[in-house]
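Here the structure of chain A is known, so what remains is to put chain B in place on it, guided by the hints.
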Amino acid sequence: MNAYLVGYDIPGIQRYVFEPVRPLDIMGGSALLERFASEAEAIACDHEARTIYSAGGGGLFIAPDEAGASRLTVAFRNALERLTHGGAAVASAAIVFDGNFSQARERLRQRLAADRLARLIDQPTETLLPAGTPPDAVCEACGIETADRDSTIGRGTDQETERIGPRCHARREEGRKRRDKAGGPETIRDLFPRDHEDDGRGPERLPRRAVLAALYLDGDGLGRRLAEIDDADRLRAASRTVTSGVSAVLQDIAGGASTRDGEPVLTPIVGGDDVLLFCDARHAARLLHELWVRLEQRVRLDASPARFSAAIVLSDPYLPLRLLFAEAKHGLERAKERSRRAERAHVELRTLLTRRLHGGRGTSLLGIPVPRERFWGEAPSLRALVESLAKVERAQRSGIANDLSEPSAELRELLLDDRAARQTEHGSTAVQQALAQARDLGRVCATDTHDLLRAALAVVDLWGPSH
Amino acid sequence: MSRWLVRLSGRSPALLGGVAEAPAGIHAATAFLDVGSGQPRLLLPGTAFRGVLRDAFRRFAGAKGAPCSLADGCSCPTCRLFGRPDRSGGLWVRSALAARARRHLAPGVALDRQTRTAARAEGSFWIEERGLADFELDVVCEATLSSDDLALLEDFWAWLELVGLSLGRRKSAGAGQFAVEVLASPPASRFPPPPLAGSEETPQRYLLRVTLLEPARLVGHRQRAFYRDGLEVIPAATLRGALGWALERLGAGSAAEDLFIKRPISLTPAFPVGPNDRTPIPPWLSRWCCDGDPSHIVDGALYRVAHVLAGTWSWSPRACPDCGCELREFEPGSPPPLVLGHVTMDPTHRRAKRGELHYQVALAPGTALAAEVLARRSQAAALHALETVLIGGRRARGMGLAQVELQDLPPLPPLRDRIAATARRLTDLGAHDHDVAVLGFLTDAAVERPLRDILGDAGLEVLTGEVRSIVRGGWDERSGRMRPLRRLLQAGSWLAVRIGSDRALAELERLERDGIPDPEGVAPFLLRVRHDWEVVAMIGETSPATGTDIDELVREARALCRKHARNLPARAGLQTLLRFAQGTASVEEIVLFIEYQASRDQLRKAKDFLTEAATLIADRFPGDPEQARRFLGLLVRAGNVEAKQDVQSHTSGGRRGRR
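Line by line, the protein sequences are chains A and B. One point on numbering: in the numbering used here, the residue at position 316 of the first sequence is 316, and numbering is uninterrupted. For the numbering used here, add 467 to where a residue sits in the second sequence, where the first one is 1.
Rather than coming from a laboratory, the hints here were simulated on the basis of the structure. Even for Gly, the Cβ is constructed at its ideal location relative to N, Cα and C. Any given hint could turn out to be false.
Said to hold, decoys possible - Sample of chain B residues facing chain A (criterion: CB under 10 Å; computed from the structure):
id, residue
1, T931
2, I937
3, D1018
Claimed, not checked - Rough simulated footprint, nothing fancy, chain A against chain B, three-plus residues with beta-carbon under 8 Å:
id, segment
4, 570-584
5, 908-916
6, 951-959
7, 967-974
Here chain A stands alone, though its shape is the one from the complex (with noise of 0.2 Å):
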C-alpha cells in the first residue's frame, strides 16, 4: 500500500492577520494560526499520519493510505473554518508518495496552487456585506462583517465597549489568551509609559513624541536549506528546530520584558522563522541586538547557527499597523538581499516619521541595509554614531539637519566641514568625531555619509546614550 504525502497551506495569511486594526485581534489572528499548526499535528496523530513539519501557514504530512490522507484534508478544513469562524480557509491536497521526496513535494506543491485557485474561480464572488448595510451593523473591529456581540478592548479608564463579528471575537479571544499567558501589553497605548502630561488628552492619549517601531526578522536562506533537504526526517527535525527555537525566544523575550525591565513588546507575528514584533522604537535597537544573540543560540540547524536578518521601521504610533508591516516587509527583503550577497545578516533602518530627512530615497534611513555589526557592534557602527552625536548640542545636531537638507552633496560637506571647524575653533570637537565616525562607517559600509547621519539624527534621541 503506498504512504501519501499531504500538505496544506494558508492563502492570504497577511490578508487575515491584518484585516482588524486593533493589535491585540492582529495578534489574536497570528495566535489562532500558530494554534492550528499545533492542531494539525494533533489531527494527523489522530489520523495515524506522521507530522514532518506544521508551522508558518504550511504543513506537510505522511498518511498511510488514501483514505486517511483524504479524511486528514477535510479535518484540516473543518479546523481551521472552526477555530477562525470561517476567516480564513486553507488549501489541502494529498499524492501518492513513492518514495522520491523532493518530487513529491514539487507535486504536492503544484495540487496546493491549484486547490488555491479553485478556492476564487470556483465560486461566485463573496459579499460580506449586503447593500444598505446600516453602519451600525457593522463590526468595529475589521469592518468587514456583521457585528453580533459588544466586546471590551483597553483596560482601566481606557476601556471601550465596540460592537464586533464572530471572526473577530474568536480573534480577540484568542489575542487575550496569548496576552494574559505572556503579560504583554494589550493597546499600542500599553508599548509606552504613561506620565502626567497624558491626562485628559482626549483619545490620542499617547506621550507626545512616543515613536513606534516594528521589527521584523526572518533566517536568511532557511526556508531554501529546508526545501532542499530531501529526506523526510531530517527535514522534520531541521523544521522542529527551527519552530520551537525561534517560538522559545519570543516567549523568553515577552515574558522577560513584562517581568524584569517593563518594556513591553506586541508579537503579533509568530510563524516558523519569521518573527514580527511592535515595541517602543527607544528600544528597538537593543531589542534586535537581544533577539539576534538569542536566536543565533536557540536556532540552529546542521550544528551552525542560523543566520537572522532584520527591519526596523519607525512610525507614529498612529499609523495603520499594515503600512508598518508592509514596510517591514519591503526592508527585511531588502536586508536579506544583501545578506545573501555578503554571506552575513543585514539590517534596513526604515521611517515612515516624517520625509525631510530621507533625501528624497524613500523611507530608507541608510539608504542601503547595513551588515549586523555595523549595526549596534563597536565603532564603526550606528551606534558609535549615535553615541557620539549625542555629545553634540541639540542646536548643533539642528543645524547638521538644517544643513543637510541642502540639494547639493558638495555644499552639505562644505557646511558640515565649517560648522566642525567653528566649533573646534570654540573647544568643542564633538562635531568633528561625530563626523569622523559618520564617515569612517560610510567608508565600512560603501554608504553616503550623508545618509548616516541623517540616520543617526533620526533616532539620537531614540537610542542615544540615556536609553
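Chain B alone, transformed into the frame defined by chain A:
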C-alpha cells in the same frame, strides 16, 4: 459659479505642521514635501485655510449683524457658505503648494517667571522649523450665491485685504502672518461639445496619467467608527465618477453620458507609477525581479503554464534569462502615504476641541498614477480636453485635485498573433503545440457565477493561474446607500486557458471586447489576452539632477581656498567682502571692491587670493550679482575649512581622509 483667487504673501514664517515631527533636534517642524529631491515645497492644506477663513468670516458676519447661533440647524451666512457638521457649505477651498518656500529655524527659550531669566528646566529650549512662502488658492462656489451673501463675501474679502490673515500654529507668537489679495477669477471656460461620431468607430488604447496636485483621500471600507484606511490605487468606479463629474461641471454632460452610459468606455483602475516606469497596467502577478544591475523583470506566468502542460520546466523561473542573476518575487512599490491630522475647532474658545484630533491617510501631492482606457477617438477628444479632475473625498476641503493627461498607446497585436506568441514561448519552455491564452484581469471583478464556469461555457478550459482577492465596497450616490462589500478578484491576476475550438477563439474575442457583466451594473469585468512579454511604454520626464550647479560652485570655491590656504584673509575679512556684495546690485562694483581690498597693505599676504577671486567673479558671473554673492558666501566657509585643514595636515603630516 463664482470663483476667487486668493493670494497669500508670507510676512512671517508659518508653522504649518502636519503630523510629521522632525526628531533631529527640532521640536516642531513644518511639513515640507520632498526636501531631499530639490527645492522644498510647502503644502497649505485647503482644510486648514478653510477653517481659518470660516472663523474670520464668522466674526466678520457677526460684526455686520449676521451672527452665527452655533446651534444645530443654524442658517446664518457663515453656515450657508462654510457648512455645519450636518450640512455642507457652498464654498470650496483648494489646497496650495508653494514651490519656492524658505525654511527658517526659530529657536526660543521659556522664561522663568520668578527670576525673569531663561528657564533651566528640561525642554525649555525650543526650536521650531517654519516656512516662509507665498500661496495662491482657489476659492470656488459651485452654486449661485444670493446677492446678500455675495455682497457680504465681497466685503469680507476687502476686509481681509486690509487686516491680513494668520495661519498655522504659534499664531499668537507672530508666526504665519500673511498679506491677502483677493482677485475675482472668471469661471472655468465651458466645454465645447465633442463631436459625436458614428458607432462604427473602433476603440483605441490610451494611457490616462493622473498626477495629484493636492493630497487625495481615497479610502477603503470603514474599519473603526472614525477610521478608514487609504487605498493605494484609484478604483475604476472612482475614476469613472471623477471624470464624469469633471465633464458635467464643465457643461459637457452629453459627453459624460456618451462616455459612461451610451457607449461606455473601458477603464482600468489607476495604479501608482514612477516618472519612467516601464510597467504594465495593471501590474501583473507572477512577475519576478533579478538582483542584477540593471535589474530585469521576468514574467513568470509562462513558466508556470509550461510546467503544468509538460512538466518540463520549473514551476517558476530560477535565474534571470537576461543576466543569469538570482530572481525573487516582484512586488511593485506603493506610493508613500501622507498622514494628515486635523482638528475640529471650538468656535467659542477659538481653539481645537478637546478629543477632536483625527488622522487620515492620503496619497501625497506629486504621486503619479496611470490607468488604461479603451475609448473611441471622438470620446478620447473629450478626455483630452480635461485638464484637472477632483478625485476621492474631502474635495471641498482642498483634497483630490489632480492633473489628467491622455496619451496614445500602440494598438494591441491581433488576438491570433498574441496566442501564437504565447505558443512560441511555451515551445521554448518545452511545452509544444498548445493553443493557450493567458487572460489577465484588467479590473477588480465580481462575478455572479464561478469564473471557471463562465469560461467553460465559452469553451475555455482553465489550466492554471495566479489569482488574488481584494475587499471593495462603495457608496451609491443615486440610491443614497452602501453598495455591497465584496471580496473581488483582484486586477493583475491571470488565468491560462486552453482554446479548444474556433468557437472558443470567437468567444475569447467577445470576452476581451465586452468583458463580463458586473452584478451591480457598475463596470464590467475586463480581461485581456496577454502576449509573451508585455510592457506598456510609459512616457515620463526625467527628474533633473538637483544641486549639480551648486556642486560645481562649491568645488571652485574650495579649490581656490585650498590653493591659497596659507595666505587666506581672516574669516572677518571674507565676511566684509560678502557684506559689501549684499549691498550692491553691480558685479563690477563687487569686483572693484575685492581688487581694492587686494591693494591694501593690511591684506598684502592675501593679495593673490583676492585678485584671483575678483577675476573669477568677473568672468563667471557678469551681470549676476546673486551668484556672485553666493560664491562669496561659499568662500567664507571654504576659507575657514581649508585653512584649518591645511594647519591640521601640516601638524599631522598628511591630509585628513575625506568622504
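Okay, the hints, checked on the actual structure:
{"no.": "1", "hint": "T931", "verdict": "holds (7 Å)"}
{"no.": "2", "hint": "I937", "verdict": "holds (9 Å)"}
{"no.": "3", "hint": "D1018", "verdict": "holds (4 Å)"}
{"no.": "4", "hint": "570-584", "verdict": "holds (count 3)"}
{"no.": "5", "hint": "908-916", "verdict": "holds (count 5)"}
{"no.": "6", "hint": "951-959", "verdict": "holds (count 6)"}
{"no.": "7", "hint": "967-974", "verdict": "violated (count 0)"}
The earlier numbered hint that this structure contradicts is number 7, and it is the only one.
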